[in-house]
Amino acid sequence: MSEPTQDSRGMDYLESLPRRWVTLYFPLIVFLVVLLFPFYWMVMTSFKPNEELVSKAANPFWIVSPTLAHFERLLFKTEYPQWMWNTILVSVVSTFTSLAASVFAAYAIERLRYKGSKQVGLAIFLAYLVPPSILFIPLAAIVFQLGLFDTRWALILTYPTFLIPFCTWLLMGYFRTIPYELEECALIDGATRWQVLTKIILPLAVPGLISAGIFAFTLSWNEFIYALTFISSSEVKTVPVGVITELVEGDVYHWGALMAGALLGSLPVAVLYSFFVEYYVSGMTGAVKE
Amino acid sequence: MSLSRYFNNRNTLGLLFMLPAAALLLVFLTYPLGLGTWLGFTDAKIGRSGEWVGLENFIYLFGDSVARLSLFNTLFYTIVASVIKFALGLWLALLLNKHLPFKAFLRAIVLLPFIVPTALSAIAFWWLYDSQFSVLSWTLVKMGVINRYIDFLGDPWLARLSTIAANIWRGVPFVAITLLAGLQTIAPSLYEAAALDGASEWQKFWHVTLPMLTPIIAVVMTFSVLFTFTDFQLIYVLTRGGPLNSTHLMATLSFQRAIPGGALGEGAALATAMVPFLLAAILFSYFGLQRRAWQQGGTDK
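Protein sequences appear in the order of chains Y and W. Heads up: the first sequence is residues 1 to 290, going by our numbering. Heads up: the second sequence is residues 291 to 591, going by our numbering.
Chain Y extracted, bound-state conformation (with noise of 0.2 Å):
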C-alpha cells in the first residue's frame, strides 16, 4: 500500500477558505460528532448518578457530581472481573493458535506451492467469507458432543474457524512481498525449509504478524453469536455476553452499570488499537484488497 505522499495536496491551493469549510471542515465535523458521540454518551452516563440519569429538568449532556458508583457495582457486585479473565484467556490463545496455524498454512500455500496450493488459496479465501451467524446451529451440536458446551475451550476451538480463514489470507499477501531471491539463496547455502521459515521468512513478516495479530484479536474480543450460543453459566462468560445477558434484569435497567461495562469492555481493543493505528488499518485494507 503507498501512503500519501505530499502530492496528494494536489491542486487544493486553488480553493478559498469559506468554500473549504463548507464542502471540507463543516461535514467533517458533522461525520465526527455523529460517530464519537456515542462513546461522549457511554462516558457520560457511566459516571452519572442514579437521579441525575432520570432527570429531565437537568441538562443531560454534562454531570453536576459524578460517581464511581456504577463502576463499583460493576466490579464489587457482579462477575464483571471474571467475564473480563474469561475474554482475555479466551482472545488470547485463539489469536496465537490461529497465528500459528496461519503461518505454516500461509507459507506452504505461497512458497512451497505444493500440488493444489491455488485451489487450497481460494478456498481459504471462501472459508473468510463463511458468516458464524450460519454455523452456529450446526457448530452448537458438534460443541455438545464433544463435551465442550458451557467452557471455555468451545470457544478457543471454534473463534479460529473465522481467525485462520483471515490471518491466512492476509500473510499469504504479505509473504507474497518477501523476494523469492532472499529464500533461494538460503537454500543454496544448505538451510532447511524450517530454517528458512524461522530465519528469513518470519523476522521480515513481523509487520504483518502484528497486524494479523491485532486483526485476529479484536474480532475474538467482540465476537457475540458463539460465546452467547456456546455458554450458559455466568463464570465462563465473555464481556459482551455478560453485559447483555447479566447485567440487564428484568424491566430494570442499570443504566449506568451497563455503560460502565460497555466503556470497560471496550477499552482493551481501544487501547491496543491506539497502539497498533497502522498495522491495524493496513490489516483490515490488507485483506480486503487481494
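Everything labelled a hint here was simulated from the structure, so no lab data went into it.
Okay, the calculated bits of chain W under chain Y, using three or more residues with CB under 8 Å as the criterion:
(1) 393-399
(2) 565-577
Taking CB as the label site, the calculated pair distances span:
(3) Y:P49 / W:W492: 50 to 56 Å
(4) Y:V34 / W:W492: 22 to 28 Å
(5) Y:P49 / W:L569: 50 to 56 Å
(6) W:P391 / Y:V92: 35 to 41 Å
(7) W:G551 / Y:T23: 51 to 57 Å
In silico lysine to any residue, SDA-like type, Cα no more than 20 Å apart, as pairs:
(8) Y:K118 / Y:Y128
(9) W:K388 / Y:I29
(10) W:K388 / Y:P27
(11) Y:K199 / Y:C185
(12) W:K393 / Y:E278
(13) Y:K115 / W:N301
(14) W:K393 / Y:I29
(15) W:K388 / Y:E278
Just so it is clear, the structure is predicted and the values come from calculations on it, not from any experiment. Ideal placement from N, C-alpha and C gives every residue a C-beta, glycine not left out.
With chain Y's structure known, arrange chain W on it following the hints.
Here is chain W on its own, set in the frame of chain Y:
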C-alpha cells in the same frame, strides 16, 4: 539424511504445514457447514438427533408469516443500510483524502465505531433510543421540534429505521477507511491531466475517481453486504426482533427458533436459506474483480 530430505520435499512439507489449519477448519468449519445443511432437512430438536424430513422445514417456513417477514426485513435492512453506508462512506473517504491537519489522528478516531465490540456499542444505542430518557428526544423537545418523546424501538417502522441507523454508524468507518486506502493509490497525475483538460470537480470524480475505485468498491461492498445480511448482534441487543417481529432478521430468527426454541432443524433451514443470497453477493464481487483485469489491461502499471 534421507528423512530430512523427505521433509524438505515440497509436497510432504506442504501437507505437514497445512495440517493444523486444515484440521481445525475441517472439523469446525467444513463439517458444520455440511451438518447445518443436513440439519435443515431434519426435524432435529435440542437433545434429540433428527429424522430426515425432506423439504418439510422449508415448506413450513415458506408458509410462516414471521419467516417471510424476516426475509423482507433482512433484504430491507441490507439494501437500505448498504446503500447509505456506501454513499456516506465514500463521502467520508473523499473528505479524509483531502489535505487536512491531524490527518492520521482523524483517520484513527474515525475507525473507533468499527473496532469497539458491536454488542457493547449497541447497548449505547439502546440507551440513546430509550423511550423515556433518550437524549435524542430530550434535545428535539428542547429545540421545539417535537413535543413528545419518540419511542424509537417501540414502533415497527421506527424500530427498523433505528436499527438501520445503528448499523450504518458502525459500518461507515469500515467503508470509508478501506475506500480511502483505495483513493490513495490513485496517481495524482491523473487528476492533473484531467485538470489540464479543463475537467470540473464533478467530472474528475465521475471520470477518474470512480472508475479507478470500482474494483475496490466491489470488494468492500461485498464484505459490507455480507456482514449486514448476516447481522445478529445489533438486532439481538436492541430489539430481539421486536416489536411484533418487525426487526427480526433471518439470523436472529434462526437463533430464536433453534436455541431458545429448541427447533434445531427449523433454525438450520433458515440459516441455509441465507446461503443463496450470500452466494449471489460473492458472485457479484467476483464479476466486480473481473473488471479489474480489464482495467489493468488498459493501463500500464
